[in-house]
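Peer 1: The sequence shown runs 1 to 150 under UniProt numbering.
Treat each hint with caution, since some may be false.
[Said to hold, decoys possible] If you anchor each label on the Cβ, the simulated ranges turn out as follows:
id: 1; residue 1: 40; residue 2: 66; range: 11 to 21 Å
id: 2; residue 1: 49; residue 2: 24; range: 13 to 23 Å
id: 3; residue 1: 125; residue 2: 90; range: 10 to 20 Å
id: 4; residue 1: 136; residue 2: 89; range: 32 to 42 Å
[What the hints assert, rightly or not] Heads up, simulated DMTMM-like pairs for lysine to aspartate or glutamate below, C-alpha to C-alpha not over 20 Å straight-line:
id: 5; residue 1: 19; residue 2: 50
id: 6; residue 1: 19; residue 2: 40
id: 7; residue 1: 62; residue 2: 15
id: 8; residue 1: 62; residue 2: 40
id: 9; residue 1: 62; residue 2: 50
id: 10; residue 1: 62; residue 2: 39
Calculated directly from the structure, the hints in this document are not laboratory data.
C-beta atoms are modelled at their ideal positions from N, C-alpha and C, and glycine is treated no differently.
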Amino acid sequence: MTHAADVTWMERAIELSRKCPPAEGAFSVGAIIVSAGGEELANGYSRETDAHVHAEESALAKLPADDPRLAGATIYSTLEPCSERRCRPLTCTQLILRSPIGRVVIAWREPSLLVADCVGVEMLQAEAIEVVELATLASAARAVNAHLLT
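Sequences and hints are given; from them, build the entire structure.
Peer 2: And the structure:
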């Protein structure tokens, strides 16, 4: 179920994605973790701390894994969490599944440009994580990635 707050948080995540240093062969993504009570807990964006860090990974790394506020939290990501990773042991989907986050909101699904078949959404749903796709904001999230999509 989409809430009005989902649009507001996703718009903020899209703003964060604009901070990403553009990189050939990597999407620019923003992510925000919001508590069940509507408090921003952490945020991150692609390449924020190193050339390989993903947005969800960056945001999750800013909180202790046992932070009780993660129970019932939502992570907003401008792109479907990755299900394949070359330069890290865990994908963003696996990192989310290892956390108590129960809801993921995305703006668009990963196209088959860099990964033939991203299955982050399916993996999350298979573990009873609620996934909401805000298709109305997909074009804004894609626009930040025009360097890859032209």
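Peer 1: State for each hint whether it applies.
Peer 2: Hint-by-hint comparison with the structure:
1. Checked against the hint of 11 to 21 Å, the pair residue 40 and residue 66 passes, with Cβ atoms roughly 19 Å apart.
2. The beta-carbon spacing between residue 49 and residue 24, approximately 19 Å, falls within the hinted interval of 13 to 23 Å.
3. For the hinted restraint 10 to 20 Å between residue 125 and residue 90, the CB-CB distance of approximately 19 Å keeps it satisfied.
4. Between residue 136 and residue 89 the beta carbons are some 35 Å apart, a value that agrees with the proposed interval 32 to 42 Å.
5. Between residue 19 and residue 50, the direct Cα distance comes to roughly 13 Å. Compliance with the 20 Å bound is thereby established for this hinted pair.
6. At most 20 Å may separate the alpha-carbon atoms for a hinted pair to count; residue 19 and residue 40 meet this at roughly 18 Å.
7. About 19 Å separates the Cα atoms of residue 62 and residue 15, which keeps this hinted pair within 20 Å; it holds.
8. With a CA separation close to 12 Å, the supplied pair residue 62 and residue 40 stays within the 20 Å bound.
9. For the hint pairing residue 62 with residue 50, the CA-to-CA distance comes to about 14 Å; that is within 20 Å, so the pair holds.
10. Taking the CA atoms of residue 62 and residue 39, the gap is about 15 Å. The hint holds against a cut of 20 Å.
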